[in-house]
Amino acid sequence: MRKFASILITSNNTLRHMSFAKGSLFLFGIFIIVSWIFIFLPGDSGFVELFRLETWTNIKIFILRLTGTESDLTPAFFQVDRWIATSKLAYQTLAMSILAMAIAGIGAFLTMVWAARNVSNGDLGGVPSRFGQLMYYLVRANYVVSRAVPELVWAMIIVFFLSPGILPGALALGLHNLGIVGRLTAEVIENLDPAPSVSLRSAGASNSHILIYGIMPQAMPHFITYLLYRWEVVIRTTVVVGFVSAGGLGREFILRLNWFHYTDVTLILIWYLLMVIGVDLLSSWLRKIVDAD
Amino acid sequence: MKFRPAILTRHRVLLLFLVLVFAWSIFSVNWSGPIIHTGGRSSFLKLWWSLFPPDLTLDFLWIASQATWTTFTFAVMGIVLAITLGLPMGVIASGILFERSSVKRVPLIIVFRGLLAGMRAVHELVWAVVLVVAIGLSPVAGIIALGIPYAGILGRIYAELLQSTPRAPIDALSQTGASQLKILFYGYIPAVLPDMLSYTFYRFECSIRAAAILSFIGIQGLGYQIQLSLHDLMFDQVWTLLLFLILLIVLVDLWSTRIRRSLLV
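Read top to bottom, the protein sequences are chains R and C. All you need for our numbering is the position in the first sequence, starting with 1, plus 32. All you need for our numbering is the position in the second sequence, starting with 1, plus 227.
Keep in mind that the hints were calculated from the coordinates and are not lab data. Note that beta-carbon positions come from the ideal geometry of N, C-alpha and C, so glycine has one too. Don't take each hint at face value.
Unchecked claim - From the derived model, a few chain C residues whose C-beta atoms are all more than 10 Å from chain R:
| # | residue |
| --- | --- |
| 1 | Pro280 |
| 2 | Asp286 |
| 3 | Leu288 |
| 4 | Ser328 |
| 5 | Ile336 |
| 6 | Arg394 |
| 7 | Ala395 |
| 8 | Pro396 |
| 9 | Ala399 |
| 10 | Gly404 |
| 11 | Ala405 |
| 12 | Ser406 |
| 13 | Val419 |
| 14 | Tyr429 |
| 15 | Gly445 |
Said to hold, decoys possible - Ranges of calculated distance between the beta carbons of each label pair, as one might list FRET restraints:
| # | chain 1 | residue 1 | chain 2 | residue 2 | range |
| --- | --- | --- | --- | --- | --- |
| 16 | C | Trp275 | R | Val80 | 41 to 49 Å |
| 17 | R | Leu305 | C | Val330 | 24 to 32 Å |
| 18 | C | Glu387 | R | Gly154 | 36 to 44 Å |
| 19 | C | Val330 | R | Pro226 | 50 to 58 Å |
Pulled out of the complex, with its shape left as it was, chain R reads as follows:
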């Protein structure tokens, strides 16, 4: 009988949950229609232009310029010295992405324990304190803010007081990813098996002992994995942040495009893709090492 009742309750719950999803889909459908009207009704949306022959000829010319077949000059990607010059910028971009991950990693490492609910309320064997509660809300609020603001907006603000170069870009990327990695790892800590920490506590361990022997060994592999995974995203975004912070490939990309040096643009895009692929491979290899032990 009780089993039957529990089935009834679960199915009822599932029904309610499904109806929330359906309602959300319906709402999203309305958003789609309204957005469509809002963007395409004014008539200057550029939608009609997509079906004009002229647009497609322009695209064709643009692609021809990128491949360098349109002019008599030697394309930049066939010149060794251009490759070397761009490789220096690629090196800077790589350094920027790593510095960004270091900033995000150190920041998240120092704060993530505060942001876990089960640490602040004592479920992991610690003593709940006012200070812990306060830190929980402070750190969580900080994560929300740093995550919600896109890297490029952080960069626009930071170049107001830091001189252009690698540092402001790395700081912008670091701030944004600090919120993401911090939140993800805090959620891992919240789902940890409390048994090791609780038994450590009953054996008389102090708070720092619980942190070092109860929480960190379980959380660290996840933390490193998230950092490596975010690195793949960051290397793509580093170029974009470079648009405003003037470090690495990004600035050069915008300048070359404005100067109509199209084959240089192609060369920069080639380096960009090489780095994205390289980081993807390296990161997945390193993540396998983390998982292996």
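Since the structure of chain R is already known, use the hints to place chain C on it.
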């Protein structure tokens, strides 16, 4: 058991490697020049103190809400384009449409996986800059720029989800003589729909941030207004806009978390 010196576990080697790489990245910064540029300290203080209070005049709140709405509509249209591109590409890339023995199967999987990888390798703003040069500045250029990389991400996830569906219902369907397309609609899609929806909603949150920075190429919205206010040194307006952006992201985050929780019961 194989003996390994305790100090050289793979984890420690990895940690050492990461620390060394970090040290290298610090030295690549030019520390000799001025880190904070002239007047940087005063503009930082000015920026900080203009948070108390931000610009809350009715006129500006109206501008900010309009910008928030514009950013939201671009995010919606971007994710719609991403789904319409990513779903069919993901289905083809998963290879479920073809018999295992079909000659076309493997080449098609490789081609479409490569296409999806290429689309998501390039950041949406790089797509935007390139598209503006190719087809001119218009809302459509912005939406396409958003749609391409997000289609690449969604398509890959869809393909992976479709490939990991349990075989039994699919085999049962194919034994009744259902065509590949029917198996797709009655076997695969219902099985993966909850996961697909929850992932897509998570990506929608990301697409709002992406839509906000499309301003860099001149598309209207929150990022555009932030840029304008920064140029005019109206830092109190910047804070108002940032608060609107944070509020929008938090709302969509709560919504998508709720949906995910309801779908993954």
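Quiz prompt | Unmet hints by their number, sorted upward, for this structure | solution = No numbers; nothing is violated.
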